[in-house]
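The lines below spell out each chain.
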Amino acid sequence: MSLETEDVSLTLKAKVAPPAPPAPEKLAPEAQTDEVEEADVALIRSQDVGIFRSTVKLATGSEISKGQKLGAVESVSLQHDLVADRAGTLLEILAADGDPVEYGQPLLVLSAGG
Amino acid sequence: MFKKVLVANRGEIALRVIRACKEMGIATVAIHSDVDRETLPVLAADERVCVGPAPASKSYLNIPQILSAAVLTEAEAIHPGYGFLAERAEFVEICAEHGVTFIGPSAHSIRMMGDKAVARKTMIENGVPVLPGTEDISDLQAARDFGEQHGYPLMIKAAAGGGGKGMRVAHDPSELERLFEQARSEAEAAFGDGRIYIEKFLARARHIEFQVFADRHGNVVHLGERDCSVQRRNQKLIEECPSIVLPEEKRAEGGHIAVEAARACNYEGAGTVEFLYDEKTQQFYFLEMNTRIQVEHPVTEEVWGVDLVKEQLRVAAGERLSWSQDSLKMAGHAIECRINAEKPDEGFTPSVGTISRLHLPGGPGVRIDSYLTSGSKVQPFYDSLLAKVITYGADRDEALARMRRVLDEMIVEGVSTTADFHRRLLDNAYFLRGEIHTTFVETEFRANTPVGVS
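Protein sequences, first through last, are from chains A and B. Per the working numbering, the first sequence starts with residue 1, numbered consecutively. Per the working numbering, the second sequence starts with residue 1, numbered consecutively.
Keep in mind that a hint or two might mislead.
[What the hints assert, rightly or not] Calculated pairs, SDA-like style, for lysine to any residue (alpha carbon to alpha carbon, straight line, at most 25 Å):
| id | chain 1 | residue 1 | chain 2 | residue 2 |
| --- | --- | --- | --- | --- |
| 1 | B | K4 | B | T134 |
| 2 | B | K200 | B | K280 |
| 3 | B | K58 | A | D81 |
| 4 | A | K69 | B | P53 |
Hints listed in this document are in silico derivations from the structure and should not be mistaken for laboratory results.
Next up, chain B with everything else stripped away, as it sits in the complex (with noise of 0.2 Å):
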């Protein structure tokens, strides 16, 4: 096992990776930049190196002053967290070059899966259902073809893309016109990378994913689904393990698919596999594979019983996957709230400010994963998470009393934050039931006037 990870992250993931490093008795060394020094993560840390200035590219994406750190202090392994250098191919292969493990899977597996246009194609040959969609296109003209042939709503993607950035959904040609540049420029922004492809878009559909795991000795494990329907702009705000709506052997069909898709890639550590999933015909897309841990991990660790960070690091270290298929059980609910420094009342635009009062609750059935102190500075530089809040019960009527017990007694104060926003979306009717869809906060749902409260 290590001596030693540097973790290149900031935030809640950044103290989940040195809090499991700790319990493994595992020294850690945390990046930082020149605003984050007070922060949680760093303070909690063995040591600790300022890398750069504020904005990211300077110092969460500063490559050469990360290796820098990992081998100034002698760190054996990086952890990346999610996000910044979590998907980027030629970092794994740097830090190799500098002896330094990179915890994650190989630059070939990121390759492979980080292009989603790729990707796609490796499912197909693979037999894995997606829907209709093309290569990557270039002119307006082929996204319009595809419009005639296989009819509206379209997605537009981005062949990079990731977090719902260059998405968008084109229900006419005129719509496909204006959005078809916008996505591109978007993508080109986010990723550097304007390549965009073409999908059918699935209405209704649920968003499931599979966490899947696999070590270099072949082994290959999933650890059952993620319910991410409840989003906002292809943002997640709430998850769930498990979905209501997936029978026993529905959850069997595609861990099953999402088994094969990571050994179609040869991939190593934890990975989730995305599908849309249509409740009507019962049928899985492929959407895409995260090469990473995922934000929402914590409700798949209270349902399963495991730790996946842990895990990553005794994978990354060589070890053997300390489950087998068979030995892997799931007991009881988890929910997952993603509470941000937005303002819901404002279109979700970010809240920065410094935090001046605040309780995060506990008692049975509750974990908050959360860089927050009393006095922290919520900076306008990076994502605007600020707490996961993950309740676990019996049940889901359990786990959902719970959260709403707990979103009640929470305090943050200093910035505005979306915990009211969700403490809404909890009794709403359609939620209650489980009808929810990936664009069920858009249509059915309102910031102010919550549809369907019974």
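Bound conformation, chain A alone (with noise of 0.2 Å):
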């Protein structure tokens, strides 16, 4: 017997508050907070319950291509890859490999400015 899921598709939400998990301070020193309020960013959230697997050495300040795949969540079955929809700078990394995760949780803040 399988298991059945739809492909996971990357969420990207512009001019978003912080991530309410995990707290604002996470978000400093890099980004105050009201900066990332006001800032045109796109979180990248998990459409899947599962382990989160940094598949690429990411680093904050990156440049991310629009396709570039940034990682991935493993779920009892499958494995299903995160994939930037667009390009802008990698801001934030909100999980670290290995972390279990749930559905909608934010992963990684981008620019959304590319």
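Hints given; two lone chains; assemble the complex.
Shown next as structure tokens:
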């Protein structure tokens, strides 16, 4: 018996508030809370319950190109890639490799300017 | 016993299971959709995992995400509650493949009883009385033939049915023609299975169901009956334990049939065998078996002095039943009113909103199973059940008096509820005399014009 899961889609939202979990302090010092609220940023959220796998060496400040694979979330049966659907600068990494993550959990913050 | 249990449900039943786990020292994991994050069961659980967006198909029915949550949190067992995944045989199998115990019967039992037509056949083979009816039929002509042979009215039912969905009563051939397709498309939409069958409709019958419990060591007991005759469009409104029309020997007979039905499908855990009961002939007719804990289980718990959810956990962990048939004794009377977020004056359409003011009464003999808190959001995505109000008394009169007192005292503001509708039902002369049947609400009681108020 196989499990079915829809293909993961990358959720990029412009002009969002800082992610609720984790706490806003974690965004400092690079990005002030106020600046983040005003900045044109995009959150990459997990679409699955699973283990976050950071498949590339990600560093804040990296330029991300559209279509670039940023990691994956492994659920019980499948691994779903997280792919950037636009170019931008990686502002924040909110989950570490191997962290259990839930549906909707923000994993990465991209500038959405690209 | 399990160290950690994941509860794959929401609302009052999720809280009910979490409460049982807490009292047994079992850690709990709540799964939830992203709109249910702030609900009481999620806050009450030791761990919580968001498994998807609001629509149940993407969250509470999302098997891969729920299994993933169980594996990640190292939960040993999953309690499905009622509805959602509670009667999905394939879910039971997937749980087993991932080393997670499903708290409920085997996939085999669920398949046998979940398909209403197969269950009917099994019961006939085991000598259990059923109403005259057909097997699965796909064409209208077969339904017409049955109508000609057995006469009207007829009940059209979904093979995959439950919760009254896909059920229609046809009084003549033209109505049969009209409702046949309707029932089929409703069954297709609700269960993804459009198979239907026809049964003779028994007018003025009572809905009487027996609680059964079985362990994997061959022990099966029954815990008497619940009278759920007060329904609206096959949705139960009020449940009572015991039924006031059932003589002791009929209780023993119904209980015996229910135990045999459980044995026939190699049952394990809590189950309910539903019957129509004809008062005139004192005859039971098998309706269906529900392979899960039922919404109305608390009335049985109050009268029999047991905790059915704790027993589910024990039995699923491989323990023997805590009771023998002889050790089980009933005392007093319990009534449950299901308070829904609905507008009774507008055809019971769902009401959504935020609870602005809330008072759930207490006092002697009162139990309210509810997930509501002040500020709770009543979502449009799910079942409209807000609270189960259960009152217990030494006899029916005391339980009824308590129910009136509780409903008068209860405050739920911010959404429309069925509380006032229930309160009016409790003054209805037919209801008070116990002269009720499954279409009593539609025929002898109207929301705005109570008939027979003394």
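Going through the earlier hints one by one, which of them does the structure break, listed in rising order?
-> The structure breaks only hint 1.
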